[in-house]
Amino acid sequence: MEQRVEKLKKIANEIRINTFHAITKAGGGHYGGCLSLPEILTVLYFDSMNVDPKKLKDNSRDRFILSKGHGGPALYATLAARGYFPLSALDELDVPLSKFPKHIDRLKLDAIDVSSGALGQGLSIAVGMAISLKQQKKPNRAYIVLGDGECNSGQVWEAAMSASKYHLSNIIAIVDNNTYQLDGPIETVMPLEPFEKKWKSFGWKTFDIDGHDVKSLINTINKAKEEKSRPTVIIANTIKGKGISFMENATYWHSGTVSKEELNQCLIELEELK
Amino acid sequence: MFDRIGGVKMISEMVSTQETYGKTLVELGDENKDIFALEADLMRCSGSKLFEDKYPDRHLQLGIAEQNLVGVAAGLAAMGRIPYVSTFANFLTQRACDQIVMSLAYNKFNVKLVGSFAGITSGNNGGTHISVCDIAITRCIPNMKVMDPGDCNEFRHAIIAASKDEGPTYIRQAKGPMKTIFDNTHKFEIGKGYKFGDGKDITLVSAGITTSLAMDALATLQKENIKARLIHLPTIKPADSDLIIESAKATGAILTIENHSVLGGLGGLVSEIVSKNYPVIIDSIGLKDTWGLNADIEFQLKYFGFTVENIVKKSKELIAKK
Numbered sequence: 253m254e255q256r257v258e259k260l261k262k263i264a265n266e267i268r269i270n271t272f273h274a275i276t277k278a279g280g281g282h283y284g285g286c287l288s289l290p291e292i293l294t295v296l297y298f299d300s301m302n303v304d305p306k307k308l309k310d311n312s313r314d315r316f317i318l319s320k321g322h323g324g325p326a327l328y329a330t331l332a333a334r335g336y337f338p339l340s341a342l343d344e345l346d347v348p349l350s351k352f353p354k355h356i357d358r359l360k361l362d363a364i365d366v367s368s369g370a371l372g373q374g375l376s377i378a379v380g381m382a383i384s385l386k387q388q389k390k391p392n393r394a395y396i397v398l399g400d401g402e403c404n405s406g407q408v409w410e411a412a413m414s415a416s417k418y419h420l421s422n423i424i425a426i427v428d429n430n431t432y433q434l435d436g437p438i439e440t441v442m443p444l445e446p447f448e449k450k451w452k453s454f455g456w457k458t459f460d461i462d463g464h465d466v467k468s469l470i471n472t473i474n475k476a477k478e479e480k481s482r483p484t485v486i487i488a489n490t491i492k493g494k495g496i497s498f499m500e501n502a503t504y505w506h507s508g509t510v511s512k513e514e515l516n517q518c519l520i521e522l523e524e525l526k
Numbered sequence: 486m487f488d489r490i491g492g493v494k495m496i497s498e499m500v501s502t503q504e505t506y507g508k509t510l511v512e513l514g515d516e517n518k519d520i521f522a523l524e525a526d527l528m529r530c531s532g533s534k535l536f537e538d539k540y541p542d543r544h545l546q547l548g549i550a551e552q553n554l555v556g557v558a559a560g561l562a563a564m565g566r567i568p569y570v571s572t573f574a575n576f577l578t579q580r581a582c583d584q585i586v587m588s589l590a591y592n593k594f595n596v597k598l599v600g601s602f603a604g605i606t607s608g609n610n611g612g613t614h615i616s617v618c619d620i621a622i623t624r625c626i627p628n629m630k631v632m633d634p635g636d637c638n639e640f641r642h643a644i645i646a647a648s649k650d651e652g653p654t655y656i657r658q659a660k661g662p663m664k665t666i667f668d669n670t671h672k673f674e675i676g677k678g679y680k681f682g683d684g685k686d687i688t689l690v691s692a693g694i695t696t697s698l699a700m701d702a703l704a705t706l707q708k709e710n711i712k713a714r715l716i717h718l719p720t721i722k723p724a725d726s727d728l729i730i731e732s733a734k735a736t737g738a739i740l741t742i743e744n745h746s747v748l749g750g751l752g753g754l755v756s757e758i759v760s761k762n763y764p765v766i767i768d769s770i771g772l773k774d775t776w777g778l779n780a781d782i783e784f785q786l787k788y789f790g791f792t793v794e795n796i797v798k799k800s801k802e803l804i805a806k807k
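Protein chains in written order, with the working numbering: chain A, 253 to 526; chain B, 486 to 807.
The following block holds chain A by itself, in its conformation from the complex:
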């Protein structure tokens, strides 16, 4: 286990570095919300989910929704690391008409199950997927990563209610709880606390963990898989912009562009991650 955890930590950091370079090469973008994601995506794609880059449309695969569609670059870096396409494909991020827009697009890239970008809509789609799987008595699951900011949206809670009504234990939702949204900290834009209690009161099984702790992510998702009657949400506490000190917990870096001077500092800090 420990060896595996170390390996996944290394992969997560490679994904973080590749994500940074892809965004920078594209001329800037959503550094903050991408850099909080690598451990979550690594554990999902390298450990928890039943997916195979060689069997893209295999019906027995688990489905994945990145509801916070602006995390696209981090997902692309994860998919590249997992072998869906070569790492060099990340150079196409934001290139006009490429398969790699800022916000993921399933009609452009086969590896994507659902396009996203308009926030707050993913969980409803996960509910539909999970109902379909349950109705056919299939064992595969719908995994979804939500941003904490998008939980401002009423639709998320409509979806939470319906997942509970239909006892969708085949949904595993992870909230990338990086505590910042575009205009500032969640607590000033639109407070979500008591966040875990909200999910509980909607009938969900909940976990509150360190979203950068690979081992904890693996173990928690394994526990969620054992749940038989309720959907599960894992509130994964993360640091927005993790890995680049001046981007961490800084509102501006929800989306931005690095200067030449800043880039030098970034490269030094990213080198330390290796």
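Among the hints, erroneous ones may be present.
[As the list claims (entries may be wrong)] Below are the BS3-like pairs computed for lysine-lysine, each with C-alpha atoms no more than 27 Å apart in a straight line: (1) A/Lys386 / B/Lys534; (2) B/Lys649 / A/Lys386; (3) B/Lys593 / A/Lys386; (4) A/Lys467 / A/Lys261; (5) A/Lys386 / A/Lys309; (6) B/Lys539 / A/Lys309; (7) B/Lys539 / A/Lys417; (8) A/Lys526 / A/Lys261.
[What the hints assert, rightly or not] Label-pair distances were calculated between CB atoms; the ranges are: (9) B/Asp727 / A/Asn404: 45 to 53 Å; (10) B/Gln546 / A/Asn404: 24 to 32 Å; (11) A/Lys477 / B/Gly612: 45 to 53 Å; (12) B/Lys773 / A/Gly279: 34 to 42 Å; (13) A/Lys309 / B/Lys761: 48 to 56 Å; (14) B/Lys649 / A/Met253: 22 to 30 Å; (15) B/Glu757 / A/Leu434: 35 to 43 Å; (16) A/Glu478 / B/Gln546: 23 to 31 Å; (17) A/Val347 / B/Cys625: 23 to 31 Å; (18) B/Asn628 / A/Asp362: 40 to 48 Å; (19) B/Tyr788 / A/Tyr504: 34 to 42 Å.
Simulated from the structure, these hints should not be mistaken for lab results.
It should be emphasised that the depicted structure is a prediction, and the values quoted were computed from it without experimental measurement.
By construction, the Cβ of each residue, glycine as well, lies at the ideal position given by its N, Cα and C atoms.
Chain B: place on chain A using the hints.
Frame of chain A, contents of chain B only:
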């Protein structure tokens, strides 16, 4: 009771749109295990109870939460299922507009939206319940097909045709009951318009509940020796542009009659097609940038000019302006 108008056999009976929806869904559900019906607490208005009775595990009651309703349908479609989503036309297309655009159409998911109590057929529920812009909204969404069937036979055919058509569709359902105007031999095809009569004085264009009215008007115009033709457009998008252009050339004047705002609906559609191809004079009967009324349907039909007399009058005015 049968009579003939413009070459079409008319059957003057009233049929429930609710019964049609429920029975057709069951018919589809019998053949295809991927058919689902989704509701937002208006099942008794759409008629999908019949489907729920037979296939409870494929009937989802999602409560008064239309955004989630549409999103759940997107998720089912992502798994290869074919969900039929019903609620009032205005709640569906307005409350869940972004979900229809983003979760459904942008993903090109195979979801069938059915907007019940469409337009003034909602009757005396008041203006909040009358959809005046559902066609305008759905028509401009890429990948979306839009239908407003003329009677229950055609409604049934539209529901079936949608199941065989890949991609999102929006079908209007009148509160009903609807007067039957087509018999079982009517061959409905998505994208096809239907022409009645060959008159060269004026073209009437209708869809949904206004077609039976327009057929009555066609008969009256004939009696007054005005040679009219009628184009029934059960598919608003993709529209049968060729038929409209051909009739614009043949008649030089068009009157559209629609159970919807005159902005962005049938009148807008015909104007767009004709002005780019063969400009002729056009007028529209419909809701003129206003809300529906808190009045029964008969009152509203008269108030907004959905009468044979008004169609005849407007036709004469257009012909005089040619």
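Evaluation of the provided hints:
{"no.": "1", "hint": "A/Lys386 / B/Lys534", "result": "holds (22 Å)"}
{"no.": "2", "hint": "B/Lys649 / A/Lys386", "result": "holds (25 Å)"}
{"no.": "3", "hint": "B/Lys593 / A/Lys386", "result": "holds (23 Å)"}
{"no.": "4", "hint": "A/Lys467 / A/Lys261", "result": "holds (9 Å)"}
{"no.": "5", "hint": "A/Lys386 / A/Lys309", "result": "holds (19 Å)"}
{"no.": "6", "hint": "B/Lys539 / A/Lys309", "result": "violated (32 Å)"}
{"no.": "7", "hint": "B/Lys539 / A/Lys417", "result": "holds (21 Å)"}
{"no.": "8", "hint": "A/Lys526 / A/Lys261", "result": "holds (10 Å)"}
{"no.": "9", "hint": "B/Asp727 / A/Asn404: 45 to 53 Å", "result": "holds (48 Å)"}
{"no.": "10", "hint": "B/Gln546 / A/Asn404: 24 to 32 Å", "result": "holds (26 Å)"}
{"no.": "11", "hint": "A/Lys477 / B/Gly612: 45 to 53 Å", "result": "holds (50 Å)"}
{"no.": "12", "hint": "B/Lys773 / A/Gly279: 34 to 42 Å", "result": "violated (48 Å)"}
{"no.": "13", "hint": "A/Lys309 / B/Lys761: 48 to 56 Å", "result": "violated (41 Å)"}
{"no.": "14", "hint": "B/Lys649 / A/Met253: 22 to 30 Å", "result": "violated (51 Å)"}
{"no.": "15", "hint": "B/Glu757 / A/Leu434: 35 to 43 Å", "result": "holds (38 Å)"}
{"no.": "16", "hint": "A/Glu478 / B/Gln546: 23 to 31 Å", "result": "holds (29 Å)"}
{"no.": "17", "hint": "A/Val347 / B/Cys625: 23 to 31 Å", "result": "holds (28 Å)"}
{"no.": "18", "hint": "B/Asn628 / A/Asp362: 40 to 48 Å", "result": "violated (18 Å)"}
{"no.": "19", "hint": "B/Tyr788 / A/Tyr504: 34 to 42 Å", "result": "violated (56 Å)"}
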